[in-house]
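Trainee: One-letter residues, chain by chain:
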Amino acid sequence: MHEDSSNGHEQVSSHDESDNGTGKTSKGLAMPARRALILGAAATSAVVSVRPAMAQTAYSVINCQITVPSPQDGPVYIDQYGNIVDQGAPGATVLPPRTFTGQEVLEGRHQRGPRAYRDLIRRLKPGQSGFTCYASIQGRKL
Amino acid sequence: MTATHYNIDPQENWHRTRLDEMDVLFHRPSGQTHILIEPAPQIFDCLIEGAATLQSIHDRLASLYTYELEGADEDAVIEQEASVYQLLEERLEEMVALGFVRYAEHKPKNG
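Just so you know, the protein sequences line up as chains A and B, in that order.
Numbering of the first sequence is given in my numbering, commencing with residue 43 and proceeding in unit increments.
Numbering of the second sequence is given in my numbering, commencing with residue 10 and proceeding in unit increments.
Hints are computed from structural coordinates only; laboratory data are not their basis.
For clarity, every value in this text was computed on a predicted model and none was experimentally measured.
For every residue, glycine included, the Cβ atom is placed at its ideal position computed from N, Cα and C.
A couple of the hints might just be wrong.
Stated by the list, open to error - Restraint-style ranges between C-beta atoms, simulated for each label pair: (1) V105(B) x Q145(A): 51 to 61 Å; (2) A113(B) x N105(A): 29 to 39 Å; (3) G150(A) x D68(B): 46 to 56 Å; (4) V90(A) x R111(B): 12 to 22 Å.
Produce the entire structure from the sequences given, and follow the hints as far as they go.
Mentor: What follows is the structure in structure tokens.
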């Protein structure tokens, strides 16, 4: 069904697999000659957008989430001023994880409360949960 | 009531590559790349042939594939047939939302 590309691009073979080698039984009952087409469940997407690996649409930026500290990072400790400190520092307390949406970070809400949240978000690196969301926000600020 | 017709962007607007059981589609106008998994590639194949309605897409795919229907009794089969249309329509609308499938103007023939 797919037309050959004339510019040398890789051809996509037809997804038609109408002959899987089955035929009729000895009783003349028709065996399935077509393979099953998996439709998926309702409200399940069959398309995933991958380029670039950032939240491109406004909806994605607004609703993507950044959780700091992330569960993978382990507990983060802060002093009475909200600064990140070592676990053994006097008066150190555990910083409760908070989840910010892209919209909230755009509005600067992550800068309210302990500055540790802001610092953790700024330190996000590729591969860390929330990095893609934060990078997308930076893209929208430009 | 005229049925909705769907169409895809002209071929110069996209490039498609097969990766095992899924397709990768680069859509130039949006600059986005999409991974299409079943049944999206199959629906896309139908639209390459020209603008089509949900009914014609359903019929075309039914001639090539069997929709997975569960249940032994006829009532269940009828229910699931309705679900097939619903699911195909969802996939079409999803691709319209992403921009590489569009609603096509359909001019009925005179007569």
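Trainee: Would you mind marking each hint as holding or not holding in the structure?
Mentor: Now for the hints, and whether the structure bears them out:
1. V105(B) x Q145(A): 51 to 61 Å: Since the Cβ atoms of V105(B) and Q145(A) sit about 26 Å apart, the hinted range of 51 to 61 Å is violated.
2. A113(B) x N105(A): 29 to 39 Å: 31 Å, holds
3. G150(A) x D68(B): 46 to 56 Å: Given about 54 Å between the Cβ atoms, the range holds.
4. V90(A) x R111(B): 12 to 22 Å: The hint (12 to 22 Å, Cβ to Cβ) holds, given that V90(A) and R111(B) are roughly 20 Å apart.
Violated hint for the displayed structure: number 1, the only one.
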